[in-house]
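Protein chains: 2
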Amino acid sequence: MQPTDRRLANAIRALAMDAVEAANSGHPGMPMGMADAATALFTRHLKFHAADPRWPDRDRFVLSAGHGSMLIYALLYLTGYERPTLDDIKRFRQLGSPCAGHPENFELPGVEVTTGPLGQGVAMAVGMAIAERHLNATYCDDLVDHRTFVIAGDGCLMEGVNHEAVGLAGHLKLGRLIVLWDDNSITIDGSTELSRNEDVVARHRASQWHVCECDGLSADDVSRAIEEALADPRPSLIRCKTIIGYGAPNKQGTAATHGAALGKDEVAAARKELGLDDEPFSVPDDVLTAWRAAGKRGGIEHALWSERLEASGRKDEFLHRLNGQVSDAWLKPYLDKLLLDLKPVATRKASEMALEAINAAIPATIGGSADLTGSNNTKTRNIEPLTPENYGGRYIYYGIREFGMSAAMNGMALHGGVIPYGGTFLVFTDYARPAIRLSALQKARVVYVMTHDSIGLGEDGPTHQPIEHLQSLRAMPQLEVFRPADAVETAECWALALQREGPSILALTRQNLRPVRTEAAAENLSARGAYRLKSSENNRQAIIVATGSEVEIALDAAERLEVQGIGTDVVSMPCTDRFDAQPWDYREDILPDVSNREILRVSIEAGATFGWERYVGLHGLKIGIDRFGVSAPAADAYEHFGLTPDKVATRIIDFMKQRGF
Amino acid sequence: MQPTDRRLANAIRALAMDAVEAANSGHPGMPMGMADAATALFTRHLKFHAADPRWPDRDRFVLSAGHGSMLIYALLYLTGYERPTLDDIKRFRQLGSPCAGHPENFELPGVEVTTGPLGQGVAMAVGMAIAERHLNATYCDDLVDHRTFVIAGDGCLMEGVNHEAVGLAGHLKLGRLIVLWDDNSITIDGSTELSRNEDVVARHRASQWHVCECDGLSADDVSRAIEEALADPRPSLIRCKTIIGYGAPNKQGTAATHGAALGKDEVAAARKELGLDDEPFSVPDDVLTAWRAAGKRGGIEHALWSERLEASGRKDEFLHRLNGQVSDAWLKPYLDKLLLDLKPVATRKASEMALEAINAAIPATIGGSADLTGSNNTKTRNIEPLTPENYGGRYIYYGIREFGMSAAMNGMALHGGVIPYGGTFLVFTDYARPAIRLSALQKARVVYVMTHDSIGLGEDGPTHQPIEHLQSLRAMPQLEVFRPADAVETAECWALALQREGPSILALTRQNLRPVRTEAAAENLSARGAYRLKSSENNRQAIIVATGSEVEIALDAAERLEVQGIGTDVVSMPCTDRFDAQPWDYREDILPDVSNREILRVSIEAGATFGWERYVGLHGLKIGIDRFGVSAPAADAYEHFGLTPDKVATRIIDFMKQRGF
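Here the protein sequences come in this chain order: A and B. The opening position of the first sequence corresponds to residue 1 in this note's numbering, with each subsequent residue numbered one higher. The opening position of the second sequence corresponds to residue 1 in this note's numbering, with each subsequent residue numbered one higher.
Pairs of lysine-lysine, DSBU-like flavour, derived with a Cα cap of 35 Å:
| id | chain 1 | residue 1 | chain 2 | residue 2 |
| --- | --- | --- | --- | --- |
| 1 | A | 47 | A | 90 |
| 2 | B | 90 | A | 647 |
| 3 | A | 173 | B | 241 |
| 4 | B | 315 | B | 296 |
| 5 | B | 332 | B | 343 |
| 6 | B | 443 | A | 647 |
| 7 | B | 173 | A | 173 |
| 8 | B | 90 | B | 443 |
| 9 | A | 349 | B | 90 |
| 10 | A | 173 | A | 296 |
| 11 | A | 264 | B | 343 |
| 12 | B | 443 | B | 47 |
| 13 | A | 173 | A | 349 |
| 14 | A | 337 | A | 534 |
| 15 | B | 349 | B | 332 |
| 16 | B | 241 | B | 173 |
| 17 | B | 90 | B | 264 |
| 18 | A | 343 | B | 264 |
| 19 | A | 657 | A | 534 |
| 20 | B | 296 | B | 443 |
| 21 | B | 343 | B | 534 |
| 22 | B | 47 | B | 241 |
| 23 | A | 443 | B | 647 |
| 24 | A | 264 | B | 349 |
| 25 | B | 47 | B | 272 |
| 26 | A | 272 | A | 90 |
| 27 | A | 349 | A | 332 |
| 28 | A | 349 | B | 264 |
| 29 | B | 173 | A | 241 |
| 30 | A | 241 | A | 272 |
| 31 | B | 647 | A | 90 |
| 32 | B | 349 | A | 90 |
Covered by chain B, per the in silico footprint, the following chain A stretches (three or more residues, Cβ under 8 Å):
| id | region |
| --- | --- |
| 33 | 103 to 116 |
| 34 | 476 to 484 |
| 35 | 606 to 613 |
Quick caveat, the hints were computed from the structure, so don't treat them as lab data. Note that beta-carbon positions come from the ideal geometry of N, C-alpha and C, so glycine has one too.
Modelling step: build the complete structure from the supplied sequences, incorporating the hints.
Structure follows, in structure tokens:
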């Protein structure tokens, strides 16, 4: 006899309780409250095949309320994924277990995205739903025809990014996105009434969502609601009324079950309440059998899909696309042509020029901007807007939603088959920063096109002028920050960003820059992160390291120094991380570690000098800006902060005299 | 004869057009579209007195759509504020003019807050409205009885933080908050339909706001709507239907008027359309007279209020409170008592202990947390929740709204009379970062209580473990980051944070730390940013600089080194910025600049090593974590990353051998 849904759900509850108890750390409340809803979803609706977690046409499931990680670990184990094993679960939250505190996509196939930072799961799911519709428009129903399901809690729904994600999904009419809201009336601090009196349903309806409600503790009722949502053409919010920690007789319905082990006595009481064995981590045979069968539900669909793929005539292309490999064959012809007609150009414009070639050569790119299209130069002439009427378009007007855009791009990248890039001003990486961090942690290939990258943006003033941003982003692991100096470097950096596994930031100027790279190179010089752009003519006494718009200032200052007999190298450093990763001898060649008074090292960057000691040492000269900017035309601002060739040259000479060089 | 409202409004339009034209940069569209609404507000409703811009009981006006800065510059000039002068306006967006690209509170009295980064104006206004109700509860209607008005555009309303701000305002029933929405159907990229299909009115109603609509181009109709909003006990959104760039006959209603000068011809056409003189920057006498009279409208109320203040018997106390001076008289008795009974304690708990004394001694503090009260230890027993039923309370349950909380705290601090502090996890400074930057730029005294400040939080794993955060925050100008090592340093840092003009971040541990400061000191040792905690016993060969939880590891490692005959100083560095600001001789005493092989400098911090070259040089040893964290119990995580006394000591010895020390 098939076990009841409740017994299936109780297997989730038991594993969640037991794992948290064993770790003496974790969040049992959410998995216990949503166990019935998850059972309905995984045993009746979700299209998946545990034996092939990377099946391109699987439904995507996102646990936005990532603290309830035991829910997904239990589901993956029960439905028969290769990992986690029961032993993995027993080592929940321990060093080396793939069952980390919060679900991490790089630990377990089946965990589609890394969640925990609240609100971002829903926003990434929006990106997945966009990618699905786009690929569907490209490859049609035979190959791409799936849904994105989300479980989200009150935390996810209260975060600001939720507003952006809900707005974007409503606007793009992403009817294949279904969010199950764990409406348990509890947050960490206590009742949701402590901090919210919003009508969540009305808010979603205001954003053109379909909303329906159900008893989240009844798998049948949840299933009915899912059917309703599936039938509706709009994105859906399913309000699942639940009780947090359901099954723990004395603690359920309280914040006490949210983020701590229930305790031995309460676990024992819950076992009794739920009709479970006394043995921790045990799953009754009939229950496990039923779950394993559920994990194979999708087998037939999987097989039919594989047949359709074979028959499509597009198998190689499709899989190649999904694999995400891209060629940089566009680069050389582009550079060859560029070098024929060099002129001063802002790197944001140079980025657009490169993108024309990239978008023509690489069909997987999807561009966009958070309402700064004309400023970020992100829309090339050869791509059309992606709209509800044309999901095949490749440009998204994200609206004034920097965070929502960035999180959606993470979802798109992790869905696979598309390479998202999107723009805003560099200063507003602050708005997007939580998503940028998740790009890095998840190694999502997202290219952030961040223009107006210094005081060089001019009149908009301190609120819009990045100062600390470059350095604060360089401090982030697994993220590469590129700040190219001219059109050639911009193209090189684009090529590197598209090739890498992980996110990149392109920091680009508003103002025109003169070409500093005027000859063809045998290799992508930006790939090493830094290289000698100009060698000293006189005896080398100084090395100036500069990035982006300050490279031309460095060249002009060096010229003035050479006139004075001070031999000066100029090093362009478009990517500090890449330089740091070079072998010692390369780094030593570019920035030799000589004793203090032999060669002065100087850095120039129109931003915080914090951290530039790494390249110039304690006795070097850091030229930059360690205060907020000013509202003034760009040239005046540069003059004001001493960032002109004359002022830089004078400062270097004075410094050398003072320090006895 | 009194000039018509439209003529008054056209003076704003003219100044906006002319200033942008002169600068050839700026945003004429918004001021031209909202000129009539602003005229209604400033001539009929807003309580202000241009002669006393700092009148504590003035209504607060926030231009959330800060790019329309010429609107407020025009209003301040027309109503007779001392600055800006007409010359200031003629130098709009030029170096040294207080009329910066975006309005900056530190440039002009009358500009209440710095805006431009979208959405934050509304959120800061929420904080101002909270402060008003709180002070009203404390000082009653006689002294505190004012409103907060906002002008916001579609950008502000689309940003995620708007959701948080609107939710918070609805929840706290801030009926004295009135937002005028410039509903012009245009964003930078074009029609709002490109990116939004939300029913904005319904969304606000869902958050328990009052909403009314009006013709934003009719001062009378706007005034009627404001009356309706004033009469309603809920926060109000007034939907002002407007036309962007109204008055520019060929460009109005298009994105072309948003962010660029109209051009000579269009300005001429607009002059004709609006019935204006040909002379730029000219205001007809009767119009200026009428505006100046409006600037004195509040004179009688101002005088009556001053009389009430005199008669209140609380004048000194009230003004002292509004001035924001606080004493640190609480510190010494607190420390004396603390030193009597030292035991291991997490610095988050030490913060709570200090806060008990602070909240008792300083009535201006208002605490809170973004739904992590029990984790951030921000609620002391001696303060009650601030709720619609008790605005006199001093603790706010902000909900899962880190950004909204932080922006609201900025508004509270800038309103004056209160000192806000609020908590979340350090990793989620990412969510709050745009507001933290505005705290710094505006020098708002906000104390960010950021707990769980490293991998020491343990099992929650990489999504919750800050790595790059400390360094990325230290790179920000005008922000001080404190990372205390024990309970004594925590209290010292709290005292410094409360005293300073500007924001502070307290980075605090989840895990217990043993006391490292066990004796009374004559001064606040943390004030210098770093100090020698332990002097070498043997001949000094190493200096270990550490912060927070790593100080005890440094001490223990030093002990091991001393046993080996390696004399080792330990320097505790709770605040790098403060250390950097010390005179050379102090810094030289603590971290002498000796040549490479004499004394090894070592830094230990459980986070990114990026930037620590500033203190250890190129030949020092940086011990930290340059990758994302791990989910594991804290002790295991520390062991995993080599952050134990044994591993640190071994690493230092090996390094010294290798490098020939």
